[in-house]
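Asks: The chain contents come next:
2 protein chains.
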Amino acid sequence: MMTQVTTSGQAERRRGRRPGGTDTRAALLAAAQEVFREQGYDGATVRAIARRAGVDAAMVNHWFGGKESLFAEAVLRLPFNPQDRIGALVREGSLDTLGERLVRAFLTVWDAQDGGVFAALIRSVAAHEQVAKALREFFHNNVFGQLVDVSDGLGELRANLVASQMIGLGMVRYVARFEPAAEQDVETVARAVGPTVQRYLTGKID
Amino acid sequence: MMTQVTTSGQAERRRGRRPGGTDTRAALLAAAQEVFREQGYDGATVRAIARRAGVDAAMVNHWFGGKESLFAEAVLRLPFNPQDRIGALVREGSLDTLGERLVRAFLTVWDAQDGGVFAALIRSVAAHEQVAKALREFFHNNVFGQLVDVSDGLGELRANLVASQMIGLGMVRYVARFEPAAEQDVETVARAVGPTVQRYLTGKID
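As you go down the protein sequences, you meet chains H and G in turn. Going by full-length UniProt numbering, the first residue of the first sequence is number 1, and it counts up by one from there. Going by full-length UniProt numbering, the first residue of the second sequence is number 1, and it counts up by one from there.
Derived from the structure by calculation, the hints contain no laboratory data. We put the beta carbon where it would ideally sit given N, CA and C, even for glycine. There could be a bad hint or two in this list.
To be verified - Sample of chain H residues lacking proximity to chain G, with all beta carbon distances greater than 10 angstroms (derived):
1) PRO79
2) PHE80
3) VAL90
4) GLN113
5) ALA192
Claimed, not checked - Now the stretches of chain H that chain G is said to cover, found in silico as 3 or more residues with beta-carbon under 8 angstroms:
6) 33-43
7) 51-59
8) 64-72
9) 193-206
Stated by the list, open to error - FRET-style restraints, in silico, Cβ to Cβ:
10) G:ALA182 / H:ALA112: 28 to 34 angstroms
11) H:ASP206 / G:GLY115: 23 to 29 angstroms
12) H:ASP152 / G:ALA182: 17 to 23 angstroms
13) G:ASP149 / H:ARG51: 55 to 61 angstroms
14) G:GLY93 / H:PRO79: 43 to 49 angstroms
15) G:ASP206 / H:ARG51: 50 to 56 angstroms
16) G:ASP23 / H:PHE80: 49 to 55 angstroms
17) H:ASP206 / G:GLU34: 43 to 49 angstroms
18) G:GLU38 / H:ASP206: 45 to 51 angstroms
19) H:THR45 / G:ASP185: 46 to 52 angstroms
20) G:GLY87 / H:GLY153: 20 to 26 angstroms
21) H:ASN61 / G:THR202: 49 to 55 angstroms
22) H:VAL117 / G:ARG47: 49 to 55 angstroms
23) G:GLU92 / H:THR45: 49 to 55 angstroms
Put together the whole structure using the sequences plus the hints.
Replies: Have a look at this one:
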């Protein structure tokens, strides 16, 4: 996280904006972590986060584009909004290969981070009930609907099951680091796990 | 954990053994947590754990039956040795229904605990590289071989994938508590997830 902030700050300075921008961005990330932890995702307002950071609420849109992306970066530690990324993944291919595309994208994103970033996220979710609540609200509001028809009675369960396999894959690859799953190439894992995710999305589960 | 220790201590007192036994047991659990964290599973010896607890090494066998069960209780927070339990599950039915039996057993065991116990385990694994290492060694040495033929080149990957789905299921049910997975009855989840585990155990994964 700090590396990102620093890099972005340097870029800002090269473009001649006020150096204070980096401080604003970092202050918003720190404030967001606190406010999401205290209020959950639904309860945390952009206004409350900005007030905690001591900056104008317009700075959230300026630096992050909105509450969803601020949550993604502050809590999920993803440099993008999973809602947008998953939406794009769904649109770029056919529904019957979505499972494998999801596994491949998940591994590609997290392989590029230090495994410690995934471990820090898991630690935070497991240590703070309010972070778990915020995660739950964010995924229900913004992510699951991208994957499944949540008006179908089974839709939410399907989305939960997809999440279970993805999170568990992250646990064995980045946290417990079981061998060979931790070192296996992305395509081998995508072939092994893709059909699981595909069945949860579109197959028979009851 | 504390409840268990107290209950067992009360039972000991009723049977007229020395009340100090409870202290010995609790001291061994605390020492084991430290030594496994420092040395991993392979590196931690029964002798070192007993020395840390200030008791004779024979007390480990007396109170826990051995290093495996001490690890299961001190680190995994399971009141039994998963090696034995999984071995029994394998023997009690046919191989082509093992996936569903494993899911059912996993949920039954952890539903009976406070969800916080699973969260505490995850937190510990995510926070301490040495706990992750110990977990890895324990599963490789004692658990995976119960599930798969590890002499087959794919065997270890199969076991890793089973672990990924089980751990991920625990994450969504007990830690993130996604709805409806957190509240779904065991049989519904076993029907949905059992085929995944079955495919990882015996199906085509490459």
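Asks: Output the numbers, in ascending order, of every earlier hint that fails for this structure.
Replies: 5, 6, 7, 8, 19, 20 and 22
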